[in-house]
Each structure stands twice: as structure tokens, then as C-alpha cells.
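K.L.:
Based on the hints, put chain B in the right spot on chain A.
Protein sequence lines correspond, in order, to chains A and B. Reading the first sequence from the start, the letters are residues 13 to 372 in this note's numbering. Reading the second sequence from the start, the letters are residues 2 to 162 in this note's numbering.
Treat the hints loosely; a few may be bogus.
To be verified - Ranges between beta-carbon positions, derived for each pair:
1. A/Val54 - B/Pro154: 56 to 62 Å
2. B/Pro154 - A/Tyr352: 21 to 27 Å
3. A/Val54 - B/Gln125: 42 to 48 Å
4. B/Ser50 - A/Phe33: 35 to 41 Å
What the hints assert, rightly or not - Covered stretches of chain A, going by a simulated chain B footprint (3 or more residues, C-beta under 8 Å):
5. 229-238
6. 260-273
It is worth saying that the hints were derived from the structure and are not from the lab. Treat the numbers as computed from the prediction; the structure is a model and nothing was measured. From the three backbone atoms N, C-alpha and C, an ideal C-beta is built for every residue, glycine too.
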Amino acid sequence: MPERKKTPLLLGLAGLAAAAFAVFHLYHVLIPFLLSFALAYVISPLIGRFEARGVRREVVVVGLYAAVLLSIVLLANTVIGLAAGQLQDLQAQGPQYAARAKSFLDATIAGLNGRLPAGLRLPRMIDPKELQAQAIQQVQNLPGYLLGVFPVLSLFFLIPFITFFLLIDGGDLIEGFIQRCPSRYVEQVLHLTSEIDMSLGNYLRGLILVALAIFCASFVGLVVLGVDQALAISLLAALSSFVPYAGAVVGAVVGGLAAGFQFGTAAAGFKVVGLFAAIRLGDEMLLQPYIAKHSVDLHPLLFLLAFMAGGELFGFVGLLFAIPVLCIVKAVLRVAWAWYVSEEAMGSPEIADAAAIPYV
Amino acid sequence: MLKQLRKIFFNQQFAARRRFLKSLALFRDLSDRDAGLLAQALHSRVYHSGEVIFEEGEIGRALFILESGKVDLVKSGATIFSVKPGDFFGEMALLEQLPRTAKAVAAERSQLLLLYRSKLDALQVSHPRIGVVIMAHLAQLLSARLRRFSQLPGSGAAPDA
Chain A
13 MPERKKTPLL LGLAGLAAAA FAVFHLYHVL IPFLLSFALA YVISPLIGRF EARGVRREVV
73 VVGLYAAVLL SIVLLANTVI GLAAGQLQDL QAQGPQYAAR AKSFLDATIA GLNGRLPAGL
133 RLPRMIDPKE LQAQAIQQVQ NLPGYLLGVF PVLSLFFLIP FITFFLLIDG GDLIEGFIQR
193 CPSRYVEQVL HLTSEIDMSL GNYLRGLILV ALAIFCASFV GLVVLGVDQA LAISLLAALS
253 SFVPYAGAVV GAVVGGLAAG FQFGTAAAGF KVVGLFAAIR LGDEMLLQPY IAKHSVDLHP
313 LLFLLAFMAG GELFGFVGLL FAIPVLCIVK AVLRVAWAWY VSEEAMGSPE IADAAAIPYV
Chain B
2 MLKQLRKIFF NQQFAARRRF LKSLALFRDL SDRDAGLLAQ ALHSRVYHSG EVIFEEGEIG
62 RALFILESGK VDLVKSGATI FSVKPGDFFG EMALLEQLPR TAKAVAAERS QLLLLYRSKL
122 DALQVSHPRI GVVIMAHLAQ LLSARLRRFS QLPGSGAAPD A
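Just chain A, with the same shape it has in the complex:
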């Protein structure tokens, strides 16, 4: 490798190591910034559509924030009112749910005891009052699970605030970096940013699409099945889907339990589990081929490894950012390989053969 090509590689590796060290030690502080960056990154193509028509970026961003704020104010009476209504219903119907669950469990235990030898019979361990309290507590906690995923302060204040500035600045960060980059490496930097942009952008936009699809499909399905906590469970499933494959599992478990307690029958719970299985299947058959076509092409074992490493190092946030980081690593390796092999770059032999024909 020529000497001049070693310097940026070594600098790049040193920078990467420093960034990894900083992220590992400061990731709690970085969480709102990372989430804001992801949000700004996903929203920016929408801003770009208006910007391409000549509208000022600042005007579009302020307009977007005003529209979101207006939507929140308008929806506050309907969606929040609906959620509050659901909770009140739940409190009122809690004792009934508990009674149904108790009779179901009693019947199941009695049925089992009738078939088991005397020495193996199950004791009546379930205290009806305790079961009732636990059931009410668990179902009431559903909104808490939802908000517990992210800190409330970050979700409602800090993230929109940071996202606003990131959106206003747009591509200035990359432009500034390109301007400061030594001129002979500009094309390589463009190559790298372009690869990361395509891989990461498509993956993140794909995730948003999946989350929206899971929210809509599960909300409609749960409403049809008559589950009281449809809105909360759908939101929880949609948010969980940012960790690939988790959305349907979380929706099935929480929704299945909620439906089971609500109706007092296992069949109701299994119907919800079936609904989320169908949603997962639909996602796999309809959305994933589209997303994968435009996104990062990685072996499932690499996904698994990234999740395990991300979860081990940074907990839930690690799970959330495992694949985006994997996208970046893959883009860096692709670019490094492209630089390495381009030393031997030659034109296509087929084109060279065709070029021998005189220009007539």
C-alpha cells in the first residue's frame, strides 16, 4: 500500500477507536442525541422534498413543528381522552376480569387434578384477592411500560429540541467536514458518506415503515377483537419493533395477557397471539423484501451477534442501535475494500472489446 494511503487509514482507525471509547463511557448522555439524530435523519427526506422546490429549510422545519404541535393539540381530546377512558373502564371492570381469570384457573386446576394421581395434585395456590390486585396492576401498568422505554423528559422535550437544530443545520455538518478534509481525500470521504447514507437511511426509513404498519394493523386487529387496551398495546408493539422482530413478540405477549384477563378465557389470548403472528408473517412477506432490497444485506447471524453485543454493552439502547452501527461498520469495510481493489481497477473487458469497433 502506498505511504500516503496509510495515513488516513490510521487516522480513521484512531478516530473510530476514540469515538467508540467516548460512546462506551458517555452513552447515557448521548442517548437523546443519538435518538434525535436518528429522528432528524428519518425526517430530512421529507424536508428535502420542499427544499428541492426552493423553499427555505428553516421555513419547512418551523412549518413541520407547527403542524406536529397542532396535531398534538387536536388529538389531545380524542386520543388522550380515549386512553383515559380505557383506563377508567379497566378500573371499573378489573374485579370482573379477576373473577373470570380465577374461575378459569380454578376450572383448569380442577380438571388437571381430576386426571392426576393423588400425590401429584396441584394445590389451590391462587388467592383471588391477590390475583385481582395483580391483574389490575399489570393492565394499568401498560402505559407505564410504553413510557418507560424512553425517559419521559427526553421523549417530550429534549429530543424534539435537539432534532430541531439538527434539521435546521441539514447537511451543513457533512459539507463542513468535506470543506475541512484534505482535498486529495475528498472523493474518498464522499464515497464513505454516500455509502453510509444509503445503507443507514434505507434501514431507518424501513424501520419507521414497519413500526407504522405494525401500529395500524395491530390497532385495527385489537379493536376488531374487542381488546380494551388496543391503543396502548399497538403503540407498545410499534415502539418495540425498532428492535427487529421484537414488535410482534411484545404485542403478542402483552396483548395476549391483556385479552386473556379481560375475557377470562385462554382462547381470547390465543386470538391476539394469532393476530400478531399474522402481522409478523405479513411484515415478513410484504414489507421485508421491499426494505431488504433497499437496505443493508447482512447474514441473520450477524444481526444476532450485533444484538447480543449491543444488549450486553448498552442494554436497551444497545439493542436499538445495534443494526445502525452494523450498517456503518459494513459501509466502512465496503469503502475500504473498494479503495484497496481500485488500485487494480481496469475498465470492463466487454466494453474494451466493443470499443475496438470503429466509430461509424
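P.N.:
Coordinates of chain B only, in the frame set by chain A:
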């Protein structure tokens, strides 16, 4: 009043860049919106006098458009062409990744727009019309150059039909 409102809501600098792009032979048939999308795909960089933009023999990966200033294309120590504002060079990088056949040096403080190949590829996928227009003009440009070369005495090429 209307002019003031336009200034507030519309980016005059972006509009000027869009007009500039549409004035180039390579992009002349693009609509305003398509030129806007193309402008978003470009990166801008200022090169100071004497700064090397790329070396001869390096693998080309981007097309360069000179917005202002002057750039010299140098081969074996001799300037073979001086690029003026509105000209573009390095367009072969959009077709194949081959070594550059000359060195490019900023002869004075110059503002360049860079179109990276994969950005154009992405545009071709999302907005095929833009790709078709650019590729058609690039083919015309290549054809014109080849025609000119084949008409040179002693070029060894077959006479142009």
C-alpha cells in the same frame, strides 16, 4: 411586498444554484424540481489557489462542476486545458472508475460542485428521469468528443460516417 415574502419563504441562493445547473449542457433539460433534487445531491467545496483537486492516475469517483474561479488540467507538467466557470470535468467517473488521465489544480480560489457517482445512482433509482437526462447528455458529449477525435489527422480512427 410579494418580493419580501418570496425572500422569506424561498431560498434565493438555492434558486441561483438551480438556475446555474440548468444552464449547463449536462443538465439543461431538467425541470426546476429535478434540478433542485440534483442540487441537493451535490456537495460544494472551495479550493484555494494551487490546491490539487485530484492527481493524475488516481481513481475517479466524482464529477466536478466549476461554479466560480479557474481550474487547470495538467498532464506531464503542462496545462492542457483551463476550466472556466460553468464547465465541468471528470465526468468519466460517472461511467467507470478508472484512473484520472490528468491532474486538476485550482489556478485561483475556486468553488466547485461535486457529484459523487453513487449519489447519481441513487437519484437514478428514485427519479429515473434525472438519470435519463444526464446519461443522454453524457452520451452526446462522448459522441461529440469521439467525432472530433476521429476527424483529427493521424488519429488512426475510421472516418466519421
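K.L.:
Is the hinted range of 21 to 27 Å satisfied by the C-beta distance from B/Pro154 to A/Tyr352?
P.N.:
Violated: the Cβ-Cβ distance is about 43 Å, outside 21 to 27 Å.
K.L.:
Please count how many residues of the segment 229-238 of chain A have a CB within 8 Å of a CB from chain B and say whether that reaches 3.
P.N.:
violated (count 0)
K.L.:
Can you tell me whether the CB distance of B/Ser50 to A/Phe33 sits inside 35 to 41 Å?
P.N.:
Since B/Ser50 and A/Phe33 have Cβ atoms about 40 Å apart, the given range 35 to 41 Å holds.
K.L.:
Do the Cβ positions of A/Val54 and B/Pro154 conform to the proposed distance bound of 56 to 62 Å?
P.N.:
Because 59 Å falls inside the window, the suggested range holds.
K.L.:
Take the C-beta atom of A/Val54 and the C-beta atom of B/Gln125, compute their distance, and say whether it sits inside 42 to 48 Å.
P.N.:
The hint (42 to 48 Å, Cβ to Cβ) is violated, given that A/Val54 and B/Gln125 are roughly 23 Å apart.
K.L.:
Has the segment 260-273 of chain A got at least three residues whose CB is nearer than 8 Å to a CB belonging to chain B?
P.N.:
violated (count 0)
Of the numbered hints listed earlier, those contradicted by the structure are 2, 3, 5, 6.
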